[in-house]
Structures are given as C-alpha cells and as structure tokens.
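*Asks:* Sequence:
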Amino acid sequence: MNTQDLIARYSQGERDFRGTDLSKAVLTEARLDACDFRWADLHWADLSEAELNRAKLRQAVMIRTDLSGTKLESADLCQADLYKSVLDRAVLIRAILNGTKLRRAHLGNANLAGASLIGATLREADLRGAKLMGAILLAADLSETSLSETDLSGSNLTNANLNSADLSKSNLRNADLSEADLRDANLQGADLSNADLSGATLVEADLSHAVLTGADLYGVNLRDATFHQTLMPNGQLI
Numbered sequence: 214m215n216t217q218d219l220i221a222r223y224s225q226g227e228r229d230f231r232g233t234d235l236s237k238a239v240l241t242e243a244r245l246d247a248c249d250f251r252w253a254d255l256h257w258a259d260l261s262e263a264e265l266n267r268a269k270l271r272q273a274v275m276i277r278t279d280l281s282g283t284k285l286e287s288a289d290l291c292q293a294d295l296y297k298s299v300l301d302r303a304v305l306i307r308a309i310l311n312g313t314k315l316r317r318a319h320l321g322n323a324n325l326a327g328a329s330l331i332g333a334t335l336r337e338a339d340l341r342g343a344k345l346m347g348a349i350l351l352a353a354d355l356s357e358t359s360l361s362e363t364d365l366s367g368s369n370l371t372n373a374n375l376n377s378a379d380l381s382k383s384n385l386r387n388a389d390l391s392e393a394d395l396r397d398a399n400l401q402g403a404d405l406s407n408a409d410l411s412g413a414t415l416v417e418a419d420l421s422h423a424v425l426t427g428a429d430l431y432g433v434n435l436r437d438a439t440f441h442q443t444l445m446p447n448g449q450l451i
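Residue numbering for the sequence shown is 214 to 451, as defined by the numbering used here.
Derived by calculation from the structure, the hints in this document are not laboratory data. No residue lacks a Cβ here, since even glycine has one placed at the ideal position from N, Cα and C. Do not take every clue at face value.
Claimed, not checked - DEER-style ranges, computed between Cβ atoms:
1) ASP229 with THR439: 51 to 57 Å
2) THR426 with ASN215: 17 to 23 Å
3) ASP437 with ASN215: 24 to 30 Å
4) MET214 with ASN434: 35 to 41 Å
5) GLN449 with GLU417: 17 to 23 Å
6) ILE451 with SER411: 36 to 42 Å
7) ARG267 with GLY232: 43 to 49 Å
8) ASP437 with ALA247: 47 to 53 Å
9) ARG436 with ASP246: 22 to 28 Å
10) ARG228 with ASP437: 50 to 56 Å
11) ARG436 with VAL239: 51 to 57 Å
12) ARG267 with THR426: 20 to 26 Å
13) VAL239 with ARG267: 20 to 26 Å
14) ILE451 with ARG277: 44 to 50 Å
Said to hold, decoys possible - Below are the DSS-like pairs computed for lysine-lysine, each with C-alpha atoms no more than 27 Å apart in a straight line:
15) LYS382 with LYS297
16) LYS297 with LYS284
17) LYS297 with LYS237
18) LYS237 with LYS284
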C-alpha cells in the first residue's frame, strides 16, 4: 500500500491496516491515531513526528523505523521488533511494550512514564535522559544499556538484567530493584534513595558518589563494588 492510499482510507474512517506492507513508507507528521497496524511491516519507514496514540502495533516489524518525536501514548507495541529503531523524543506515556524488542534502539529523551516493558529487550539501547517514572520493567533486559541521567523514579525493575548498564546520575528514588542483576553497572552519582535493592547483585558495580539513603540492602551482593564518597542507608559517607 502506498502512503497516499493509506492517508485517503484513514480520512474516510478506515482504521484496520493489519498486516499491511508499509516498508520504507514516508509518513512524516501523519495523523494515524487508533490505527490497527498489528503484524504490519514498517521497517525503514519514516514516522517521525507522526501521531499514533492508541495505535495497535502488536508484533509489527519496525526495524530501523524512524519514530523520532512520534506520539505513541497508550499505544500497544507488545512483541514488536524495533531493532535499531529511532525513538528520540518519542512520547510513549502508558504505552504497552511487553516483550518488545528494542535492542540498540535510540530512545534519548523519550517519555515512557508509566509504560509497561515487562520482559522487553533493551540490550545496548540508548535511553539517556529518558523519562521512565513509574515504568514497569520486570525481568527486562537492560544489559549494556545507556541510562545516564534517566528518570527511573518509582519504576519497577524487579529481576531486571542491568549487567554493565550505565546508570550514572540516574534518578532511581523509590525504585524497586529487588533481585536485579547490576553486576559491573555504573551507578556513579545515582540517586537510590529509598530504593529496594534486596537480593540484588552489585558485584563490581561502581557506586561512587551515589546516594543510598533509606535504601533496602538486605541480601545484596556487594562483592568488589566501588564506594567513594557514597552516602549509605545509615547516613554514613564512605
């Protein structure tokens, strides 16, 4: 389907575009709210600055798709393949991305507040400066991910894989990191106030200048972790 046909059919009230081939389509700034793109092929498509709020994109192929600045509020992207896609500045508030593949995706300064990313793959993704307040990331793969200066306050990262992730200067206040894998993670300057780290693994993690005031460290493995000017739960600076 070409883009002109899609826009014309949308303007006539059609919303069902399941399984449609839109690979390499140019839909910059297109308004496609509430469309059903389940199983659609959108690889290499340009959807930058488009509006896809409440869209159904479950299991869509979106490899290397340009979604920079795209509005995807409450969209369903479960199990979609977004390998190396660009989502810088995208708005994904309350979006559902359970099981979504986002390996090496670019999500710098994206807004994912309240989004559900249960079991999502974000390995080696760039999330610097992203907003993930209250996001659900249970068992998500965030290994080797760039999360510096990211707001993860109140997020649920239970059993998440954050091995070798860069969380420097990130906001993890009140986050649930219980049983999380934080081996070799960079937590320099991170704010972990009142975070739940019970049962987490922080072997060889760097906690220099981190704030752990009120954090729950019960059963945490801190073997060979680095502490320098770190504020501990009891208020002691070590």
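*Asks:* It remains to establish, for every hint, whether it holds in the given structure.
*Replies:* Status of the hints after comparison with the structure:
{"no.": "1", "hint": "ASP229 with THR439: 51 to 57 Å", "in the structure": "holds, 54 Å"}
{"no.": "2", "hint": "THR426 with ASN215: 17 to 23 Å", "in the structure": "violated, 57 Å"}
{"no.": "3", "hint": "ASP437 with ASN215: 24 to 30 Å", "in the structure": "violated, 58 Å"}
{"no.": "4", "hint": "MET214 with ASN434: 35 to 41 Å", "in the structure": "violated, 53 Å"}
{"no.": "5", "hint": "GLN449 with GLU417: 17 to 23 Å", "in the structure": "holds, 22 Å"}
{"no.": "6", "hint": "ILE451 with SER411: 36 to 42 Å", "in the structure": "violated, 20 Å"}
{"no.": "7", "hint": "ARG267 with GLY232: 43 to 49 Å", "in the structure": "violated, 19 Å"}
{"no.": "8", "hint": "ASP437 with ALA247: 47 to 53 Å", "in the structure": "holds, 51 Å"}
{"no.": "9", "hint": "ARG436 with ASP246: 22 to 28 Å", "in the structure": "violated, 50 Å"}
{"no.": "10", "hint": "ARG228 with ASP437: 50 to 56 Å", "in the structure": "holds, 55 Å"}
{"no.": "11", "hint": "ARG436 with VAL239: 51 to 57 Å", "in the structure": "holds, 52 Å"}
{"no.": "12", "hint": "ARG267 with THR426: 20 to 26 Å", "in the structure": "violated, 40 Å"}
{"no.": "13", "hint": "VAL239 with ARG267: 20 to 26 Å", "in the structure": "holds, 22 Å"}
{"no.": "14", "hint": "ILE451 with ARG277: 44 to 50 Å", "in the structure": "holds, 46 Å"}
{"no.": "15", "hint": "LYS382 with LYS297", "in the structure": "holds, 25 Å"}
{"no.": "16", "hint": "LYS297 with LYS284", "in the structure": "holds, 18 Å"}
{"no.": "17", "hint": "LYS297 with LYS237", "in the structure": "holds, 15 Å"}
{"no.": "18", "hint": "LYS237 with LYS284", "in the structure": "holds, 19 Å"}
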